[in-house]
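For the record, the sequence lines run as chains P and L. 1 is the number of the first residue of the first sequence in the numbering used here; add one for each residue after it. 1 is the number of the first residue of the second sequence in the numbering used here; add one for each residue after it.
Treat the hints as calculated values from the structure; they're not laboratory data. Please note that a few of the clues may not be correct.
Unchecked claim - The calculated BS3-like cross-link candidates involving lysine-lysine, where the alpha carbons are at most 27 Å apart (straight line), are:
id	chain 1	residue 1	chain 2	residue 2
1	L	66	P	201
2	P	257	L	7
3	L	17	P	215
4	P	296	P	63
5	L	66	L	7
6	L	66	P	116
7	P	116	L	83
8	L	53	P	114
9	L	53	P	257
10	P	201	L	17
11	L	53	P	116
12	L	17	P	257
13	P	257	L	5
The model shown is predicted, which means the values in this text are computed figures rather than measured ones.
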Amino acid sequence: MVGKNKYLQQLEALGHWFFYVTLHLFGQRGAHILLVPVVLSYVLWSRKIRRTVQPYLKRRFPKASVIGYFRHTFLTVFSFGRVLVERGWLGTVKDACLSGTIEGYEQITAEIAKGKGLVLLTAHMGNWQSALANLGDLPVPVNALMLYDKKAVAKHYFDLNRSKKSFQIIDAEGGFGGMVDSLAALNRGEVVTIMGDRFIKGSSTTVDFLGSEIKLPDSAYMLAASAGAPVAIVFAAQTGGGSYQLKVWDIFYPEYKSRDERGQMLMGCAEKFSSAMEEYLVLYPYQWYNFHNFWKK
Amino acid sequence: METTKAKLKEILVNDLKLQGITPEEIGDTEPLFGEGLGLDSLDAVELVVLIQKYFDVQISDMEEGKVAFVSIESLAQYILDHKD
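Hey, can you work out the whole structure from these sequences and the hints?
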């Protein structure tokens with residue numbers, strides 16, 4: 001078994017090497033062409049891959065035929081492959097630079113100018129890691145509330161941005177889930193980015209998403225309500241090889257007067273977030289990258 | 001010190017709305033989070049805001065928070081140490 005794992009690891013390393021060489025020689029387009037047979041073989045032969053995307057695709061395309069469903073599976077995996085190629089391109093090719101637009105940038109800067117801070121809520125969709133790195137150009141420091149074990153990888157991608165400012169990481173595994181440090185950052189008028197789609201532990205609210213219930217974390221809304229800061233729902237979409245679109249889908253101020261109203265406020269906020277994700281997935285159905293059973297309780 | 005502790009207990013019961021307990025029943029050294037009074041990370045955020053509101057004292061980072069949020073006694077001490 002150990003021998004087999006080692007063999008597979010070597011095979012995987014060889015595959016990565018082959019992609020990097022292709023990227024250097026033929027650019028992203030060459031890597032995308034190489035991606036087609038690789039993804040096709042994965043989708044055809046890997047039951048694990050098909051199982052991984054099934055919970056989402058069955059809900060997003062409930063009436064798909066067998067062939068249609070196969071096509072959706074291929075396009076989802078291929079789309080994720082393109083994001084990985086883009087990351088590889090940014091990380092290994094000298095002078096590689098992402099280009100893109102931020103729809104709603106003025107809204108974000110106008111909210112920041114009010115001095116109350118801003119909670120920037122996003123999700124594991126599109127080329128979020130590469131695209132969000134470009135938020136380093138905002139007029140105030142940007143903090144990312146995230147898990148410690150992902151710190152190194154995420155920091156790496158944020159640092160791919162060549163702008164002067166870099167992301168400050170707030171450890172979500174630290175005391176009180178990083179909430180005190182995040183609140184302090186908001187009180188300084190800074191931006192705190194949070195992934196709003198994955199509930200791991202702590203407080204959550206159950207809402208409907210693509211026809212079934214999911215749990216969404218409450219922390220972003222509580223932080224915003226406590227600081228008097230707005231929440232901006234911002235999602236990234238890969239719009240081509242090396243390009244992105246960041247779009248503000250909603251901006252709102254979570255507020256509650258007493259603890260009794262807290263649950264109701266959190267429910268309203270979670271519903272806004274869930275609706276925004278659904279709207280995004282109508283436009284970009286293959287850029288959903290929560291590759292696990294998101295609906296499993 | 002005693003006045004600050006009493007005020008903090010009042011805040012926990014009235015503002016954070018801890019149920020089934022009166023201010024007098026909260027022990028000075030009882031843990032605030034987890035086992036003990038059972039506050040969670042959302043309550044921590046509210047508590048930071050409430051301390052700022054009632055005592056004009058800011059808890060600005062987690063290192064400070066860790067020390068302060070152990071119990072009523074440590075929180076009261078923190079407030080007294082940081083009040084102008």
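Comparing the hints with the structure gives:
Taken as a hint, the residue 66(L) and residue 201(P) pair is honoured in the structure, with Cα atoms around 19 Å apart against an allowance of 27 Å. A threshold of 27 Å between alpha carbons decides the hint, and for residue 257(P) with residue 7(L) the separation of about 21 Å falls inside it, so the pair holds. With a C-alpha separation of about 24 Å, the suggested pairing of residue 17(L) with residue 215(P) holds against the 27 Å cut-off. A hinted pair counts as satisfied when its Cα atoms are at most 27 Å apart, and residue 296(P) with residue 63(P) qualifies at roughly 21 Å.
Proposed proximity of residue 66(L) and residue 7(L) is supported: the alpha carbons are some 20 Å apart, at most 27 Å. Taking the CA atoms of residue 66(L) and residue 116(P), the gap is near 25 Å; set against the 27 Å cutoff, the hint holds. Straight-line distance between C-alpha atoms of residue 116(P) and residue 83(L) comes to about 24 Å, which keeps the hinted pair within the 27 Å bound. A distance of roughly 20 Å separates the Cα atoms of residue 53(L) and residue 114(P); the hinted pair therefore holds under the 27 Å criterion.
Using a Cα cut-off of 27 Å, the hinted pair residue 53(L) and residue 257(P) holds, with the two alpha carbons roughly 15 Å apart. Distance restraint check for residue 201(P) and residue 17(L): the Cα-Cα separation of roughly 22 Å lies within the 27 Å cut-off, and the hinted pair is therefore satisfied. Distance hint between residue 53(L) and residue 116(P) is fulfilled; the C-alpha atoms sit about 16 Å from each other, no more than 27 Å. The straight-line distance between the Cα atoms of residue 17(L) and residue 257(P) is roughly 13 Å, inside the 27 Å bound, and the hint therefore holds.
Distance restraint check for residue 257(P) and residue 5(L): the Cα-Cα separation of roughly 25 Å lies within the 27 Å cut-off, and the hinted pair is therefore satisfied.
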